[in-house]
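Assemble the whole structure, with the sequences as input and the hints as a guide.
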Amino acid sequence: MSAPMKKPAAETLPRPAGLAGLAADWASDQRTFKDVSWGKAMMWIFLLSDTFVFGCFLLAYMSARMSTAVPWPNPSEVFALEIGGTHMPLILIAIMTFVLISSSGTMAMAVNYGYRRDRRKTAALMLLTALFGATFVGMQAFEWSKLIAEGVRPWGNPWGAAQFGSSFFMITGFHGTHVTFGVIFLLIVARKVWRGDFETERRGFFTSRKGRYEIVEITGLYWHFVDLVWVFIFAFFYLW
Amino acid sequence: MVDVRSGIGEALPPPEVEDVELYHPHSWWTRYVFSQDAKIIAIQYGTTAIAIGMVALVLSWLIRLQLGFPGTFELIDAERYYQFITMHGMIMVIYLLTALFLGGFGNYLIPLMVGARDMVFPYANMLSYWIYLLAVIVLAASFFTPGGPTGAGWTLYPPQAVLSGTPGGRDWGIIMMLSSLIIFVIGFTMGGLNYVVTVLQGRARGMTLMRLPLTVWGIFTATVMALLAFPALFVACVMMLFDRLLGTSFFMPAIVEMGEQLQYGGGSPILFQHLFWFFGHPEVYIVALPAFGIVSDLISTHARKNIFGYRMMVWAIVIIGGLSFIVWAHHMYVSGMNPYFGFFFATTTLIIAVPTAIKVYNWVLTLWRGNIHLTLPMLFALAFIVTFVNGGLTGLFLGNVVVDVPLSDTMFVVAHFHMVMGVAPIMVIFGAIYHWYPKITGRMLNEAMGQIHFWVTFIGAYAIFFPMHYLGLIGVPRRYHELGEASFVTTSIAELNAFISVMALLVGAAQIVFLFNLAWSLRHGREAGGNPWRATTLEWQTPETPPPHGNWGNELPVVYRWAYDYSVPGAPEDFIPQNQPTPGRLSHETVS
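Chains as they are written, first to last, in the numbering used here: chain C, 1 to 240; chain E, 1 to 592.
One thing to keep in mind: the hints can contain errors.
EDC-like mimics (lysine to aspartate or glutamate), calculated; alpha carbons at most 20 angstroms apart, straight line [what the hints assert, rightly or not]:
(1) C/Lys210 with E/Glu18
(2) C/Lys210 with E/Asp19
(3) C/Lys34 with E/Glu18
(4) C/Lys210 with E/Asp404
Interface residues of chain E toward chain C, partial, derived using beta-carbon atoms under 8 angstroms [to be verified]:
(5) Phe121
(6) Leu271
(7) Ser335
Calculated directly from the structure, the hints in this document are not laboratory data. Beta carbons are placed, not taken as given, at the ideal position from N, Cα and C, and that holds for glycine.
If you want it as structure tokens, here you go:
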């Protein structure tokens with residue numbers, strides 16, 4: 001978890017350090033995780049649950065890949081591009097990965113500026129993150145159309161095991177959906193930051209609760225998670 | 001016993017979180033329909049679950065009519081029979097039991113029992129219910145689609161689930177079922193996050209985890225499990241939906257159907273089974289753990305005794321929850337697996353018996369020399385203990401590979417899981433409704449109707465499922481529409497089947513008495529007052545009954561003791577509420 005950010009307005013009893021502190025927290029009343037707000041706790045638990053979703057998808061894909069009797073298409077060749085006459089394996093995926101990892105960097109900076117209450121920089125960095133995310137999804141759309149043009153379908157492809165196409169569309173599609181939702185969240189929160197909702201304590205449209213700057217960090221948690229999942233997809237689907 | 005903070009006589013820790021800002025509804029619609037109050041949401045969840053549960057009850061009647069009197073009812077042909085058993089199973093396990101325990105009791109009891117004003121995210125909580133309702137509507141709608149609902153069995157095993165030989169396989173049925181499950185998982189996640197965060201981060205001052213009533217522990221652990229197990233179901237449903245709609249072959253091997261080679265090839269049906277049971281086995285405990293928790297509180301309250309071995313009970317719940325994630329393949333012995341895997345899964349399965357047995361001993365020891373009041377909740381709690389022990393013991397048979405293989409496809413398995421995860425948790429649900437109805441409505445349920453309901457249900461359930469073990473042992477197969485000429489079993493099984501069916505009709509009719517009681521007592525029940533059972537837990541200490549929006553009026557409760565201070569020697573009354581600081585140091589928590 002990120003470094004000592006601002007604690008929520010709360011006074012807690014002094015607690016011992018280390019394992020004794022952990023035990024004291026779990027044995028205490030009111031809150032188990034003393035520095036963690038409700039929203040952040042919810043996001044962490046949701047991400048744990050979502051980890052299981054992606055874990056199941058990836059395990060299912062790996063079991064299909066290991067048990068197939070038909071050869072598996074070679075990902076380095078399938079995802080290669082001809083750029084300027086040079087044959088470059090996996091180049092698009094490399095760029096996509098670079099873009100997504102960079103977006104995690106800008107997100108982390110946005111969180112930092114959020115806690116410094118710098119509205120403009122926070123909003124700008126969130127927009128930049130969203131832009132990177134959208135670029136990623138755009139490149140994914142390009143990759144999908146390229147493969148579809150080459151004859152890859154969920155039920156089959158010209159090079160080998162049918163499960164290649166099925167797993168590819170399912171896993172990258174599910175991840176791309178996560179990124180898309182992330183971009184939408186980023187835009188919504190960036191707008192709130194820009195408008196100064198958290199200074200004026202404007203109430204949310206749906207929940208009619210006051211927002212806090214912390215939502216920037218919570219959005220960040222989600223964003224880093226989606227990024228991390230991509231690293232696993234990259235390793236297990238493209239590099240294997 | 002060393003308590004990290006016994007709290008009695010000590011200074012209380014300061015409040016860490018400022019009092020929450022509640023959403024205040026402005027109209028009848030936001031107060032009672034699109035309500036963000038966990039108590040209203042709980043009632044909505046409960047009503048919807050019971051309504052769809054009635055459909056499952058009628059389906060069980062139809063199943064039993066066919067089994068008891070084969071050939072008599074032309075309506076129940078083989079296809080419909082499979083549709084009925086599929087929908088009966090799915091509705092009972094997911095849409096009734098899971099939704100009622102977690103969405104219903106979880107929503108009502110968690111905020112009240114931990115001393116909170118509401119769930120931590122009321123808006124997401126409200127969405128959870130409406131998405132659940134959508135899932136139920138999609139499920140119910142499948143009865144009216146071309147080809148009817150799916151008849152794949154509640155486990156939906158591919159490849160048969162998406163082939164034309166199975167009702168709904170090439171029609172809408174399986175699509176509706178899978179979609180409904182996907183929607184259910186999404187909706188449940190929204191609620192589940194609420195329950196977990198409320199228990200972890202939203203407790204009252206003085207309410208430590210080791211002072212939580214066991215009800216909360218059961219529901220909390222089950223919710224954590226559900227958040228980790230439902231993803232597997234979600235993934236399995238998504239993949240099968242793709243197999244059916246897009247022609248992918250995740251679960252579909254090369255297959256010939258009606259003399260025609262299908263486009264499928266290379267998929268693994270066993271993969272589905274692994275995903276399904278990675279959800280399916282924890283699901284058993286997602287239903288059982290809330291029942292364990294609730295029954296502990298019922299027994300303690302109605303025997304006027306502290307629960308025996310509270311900490312052991314908590315740890316048993318947690319350990320059962322953990323173990324249940326590494327036993328799933330014991331549902332797959334007949335699918336074939338490496339013998340070492342079978343050995344592993346049989347061992348872990350049998351190990352679960354240890355914490356479970358600890359719980360049963362502790363319930364019995366709580367009853368021992370207690371001041372047992374044979375109230376309706378207590379009767380149902382006792383009924384739970386016997387049925388659960390019964391179903392648990394046959395579980396030991398089925399957990400062993402060599403015993404399971406011959407029994408697996410017989411009525412023995414049907415008897416086993418109906419005892420252990422059908423009848424037993426439903427007994428707890430009834431007990432819990434009789435116990436908390438006075439808090440929810442302010443009136444007691446009618447005792448006479450309740451007695452009829454209890455005795456017919458309890459004895460009837462035994463009359464249904466006890467002989468069914470015997471049917472299974474002599475080899476009557478399950479899932480058969482009609483046995484036909486079967487020289488391998490005695491002819492007398494026909495009479496036994498007819499007897500079981502008559503009992504099933506009778507038990508079903510008793511549930512109508514119960515539903516009538518629920519409606520009748522709403523208006524004509526005896527006034528209950530705030531704490532009719534003289535119970536210690538916080539929900540009985542609310543300033544008003546039924547508790548209003550926000551639960552506690554102006555002052556949040558402060559907790560000074562655990563939930564089980566019954567019959568404390570020297571105390572003026574035989575119970576001391578959790579929020580009562582006096583009298584002095586009296587508490588079992590520090591003595592025991």
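Holds or violated: leucine 271 of chain E as interface residue toward chain C, Cβ cutoff 8 angstroms? 6 angstroms, holds
Quick check on serine 335 of chain E please, does its C-beta sit within 8 angstroms of some C-beta on chain C? It is violated, given that the least Cβ distance between serine 335 of chain E and chain C is near 15 angstroms, above 8 angstroms.
Please verify whether lysine 210 of chain C and aspartate 19 of chain E have alpha carbons no more than 20 angstroms apart. Since the Cα atoms of lysine 210 of chain C and aspartate 19 of chain E sit roughly 14 angstroms apart, the hinted pair holds (cutoff 20 angstroms).
Would you mind confirming whether the straight-line C-alpha gap from lysine 210 of chain C to aspartate 404 of chain E stays at or under 20 angstroms? Given pair lysine 210 of chain C, aspartate 404 of chain E is violated - Cα atoms ~57 angstroms apart, limit 20 angstroms.
For the restraint on phenylalanine 121 of chain E, tell me whether the closest CB of chain C is nearer than 8 angstroms. 7 angstroms, holds
Proposed proximity, glutamate 18 of chain E with lysine 210 of chain C (alpha carbon, max 20 angstroms): 14 angstroms, holds
Hey, lysine 34 of chain C versus glutamate 18 of chain E, does the alpha-carbon distance stay inside 20 angstroms? Holds: lysine 34 of chain C and glutamate 18 of chain E sit about 14 angstroms apart, inside 20 angstroms.
Violated hints, in rising order: 4 and 7; the structure is consistent with all others.
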